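J.: Assemble the whole structure, with the sequences as input and the hints as a guide.
One-letter residues, chain by chain:
Protein chains: 2
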Amino acid sequence: MVEILQLISKLQDYLRVNGLKTTKQRQIILEVFLEMDRHVTLDELLLAAQKVYPNLGMATIYRTMRLFVEASIAHERKFDGGITRYEPANEGEHHDHLICTLCGHIFEFEDEIIEERQESIATLYGLSITDHKLEIYGTCITPDSCEFRGN
Amino acid sequence: MVEILQLISKLQDYLRVNGLKTTKQRQIILEVFLEMDRHVTLDELLLAAQKVYPNLGMATIYRTMRLFVEASIAHERKFDGGITRYEPANEGEHHDHLICTLCGHIFEFEDEIIEERQESIATLYGLSITDHKLEIYGTCITPDSCEFRGN
DNA sequence: GTAAGTGCAAAGCCTTTGCAAGAGG
DNA sequence: CCTCTTGCAAAGGCTTTGCACTTAC
Numbered sequence: 037m038v039e040i041l042q043l044i045s046k047l048q049d050y051l052r053v054n055g056l057k058t059t060k061q062r063q064i065i066l067e068v069f070l071e072m073d074r075h076v077t078l079d080e081l082l083l084a085a086q087k088v089y090p091n092l093g094m095a096t097i098y099r100t101m102r103l104f105v106e107a108s109i110a111h112e113r114k115f116d117g118g119i120t121r122y123e124p125a126n127e128g129e130h131h132d133h134l135i136c137t138l139c140g141h142i143f144e145f146e147d148e149i150i151e152e153r154q155e156s157i158a159t160l161y162g163l164s165i166t167d168h169k170l171e172i173y174g175t176c177i178t179p180d181s182c183e184f185r186g187n
Numbered sequence: 037m038v039e040i041l042q043l044i045s046k047l048q049d050y051l052r053v054n055g056l057k058t059t060k061q062r063q064i065i066l067e068v069f070l071e072m073d074r075h076v077t078l079d080e081l082l083l084a085a086q087k088v089y090p091n092l093g094m095a096t097i098y099r100t101m102r103l104f105v106e107a108s109i110a111h112e113r114k115f116d117g118g119i120t121r122y123e124p125a126n127e128g129e130h131h132d133h134l135i136c137t138l139c140g141h142i143f144e145f146e147d148e149i150i151e152e153r154q155e156s157i158a159t160l161y162g163l164s165i166t167d168h169k170l171e172i173y174g175t176c177i178t179p180d181s182c183e184f185r186g187n
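In the order they appear, the protein sequences are chains D and S. Residue numbers for the first sequence follow the working numbering, so the first one is 37 and each next one is one higher. Residue numbers for the second sequence follow the working numbering, so the first one is 37 and each next one is one higher.
Quick caveat, the hints were computed from the structure, so don't treat them as lab data. None of these values were measured; they are calculated from a predicted model.
Subject to a maximum C-alpha distance of 25 Å in a straight line, what follows is the list of computed SDA-like cross-link-like pairs (lysine to any residue):
id, chain 1, residue 1, chain 2, residue 2
1, D, Lys114, D, Leu83
2, S, Lys169, D, Thr120
3, D, Lys114, S, Glu80
4, S, Lys46, S, Thr166
5, D, Lys57, D, Ser108
6, S, Lys114, D, Arg121
7, S, Lys169, D, Ile142
8, D, Lys114, S, His130
9, D, Lys114, S, Glu155
10, S, Lys169, D, Leu78
If we take Cβ atoms under 7 Å as the criterion, some of the chain D residues that face chain S in the derived model are:
id, residue
11, Phe145
12, Asp147
13, Ile150
14, Arg153
15, Ala158
16, Gly162
17, Ser164
18, Thr166
19, His168
20, Leu170
21, Glu171
22, Thr175
23, Cys176
Distance windows between CB atoms, simulated:
id, chain 1, residue 1, chain 2, residue 2, range
24, D, Glu39, S, Leu160, 23 to 31 Å
25, D, Pro90, S, Ile44, 55 to 63 Å
26, D, Thr59, S, Gly117, 29 to 37 Å
All C-beta atoms, glycine included, are put in the ideal place defined by N, C-alpha and C.
T.: Quick look at the structure:
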């Protein structure tokens, strides 16, 4: 839970430095965001936040999540299907995703070898990497890990 | 240009097998699609097709490109920025993309090592891969390959 | 008090769809 | 002919924006 405190103070810093304000809505959205599963959608965030603060509007969710991305406490992910999802941005880590197209489960992984290959390839083409995205889509073959198949 | 003929006959087969029709619009869109740069957008296709057939509507472009994807002669790519692009689908090949965020240039590459690692990772998590997507974003460091920097 | 933030509704994109008219097999 | 297609315009999603009101500092 140390990471959570880090994210909270990171946001505080960002707000202070940029002359922005700590509002009730931002606090609630942050709490809800950190408590929920990783890879939440804006709809899910809205529903959860409205349980605490019913008047909260979708526009505020959009604006707040954009703020969180700018403050580097959240990452935006657009997987196939066009739904945008957000995940907490933990300290300098980078990971990629495996997505089960049956149950929708999203696994995260890190792979040093792939990262290195990417660097080599980028160098070969004369590019300096700023970001990358690797998504593997597949179907669970072990029932135990696939919610869709009756667990 | 052998691939082009392959794609044309692949489409013919698909139409025949499914009881669909060869229309002037489909022929024009296919020609334009194959002549244009890889990774075209629907707007670009519309403009180009309208030079040959002014009445052609955007809905037809959408429906036709969806048809091409179903017939496996085109692949749909959604890079960052939310613009959907299409590229001709050549025979069983798979490649990934390097994208320069300055000039917009898109490079294609294939990497056996990365493909293998992906298989291993999927197996580790109990998934059977159906598809994957690897996009590396960066900035050109060699002026010669970056249109944005004055070539 | 003043600038920033919020909620609502309206407007913007891109994409899909319903429908009457048109064209291919 | 009979079905598939087309073009247009309308409708759908998701996301952004304008504006008057409210709140934090």
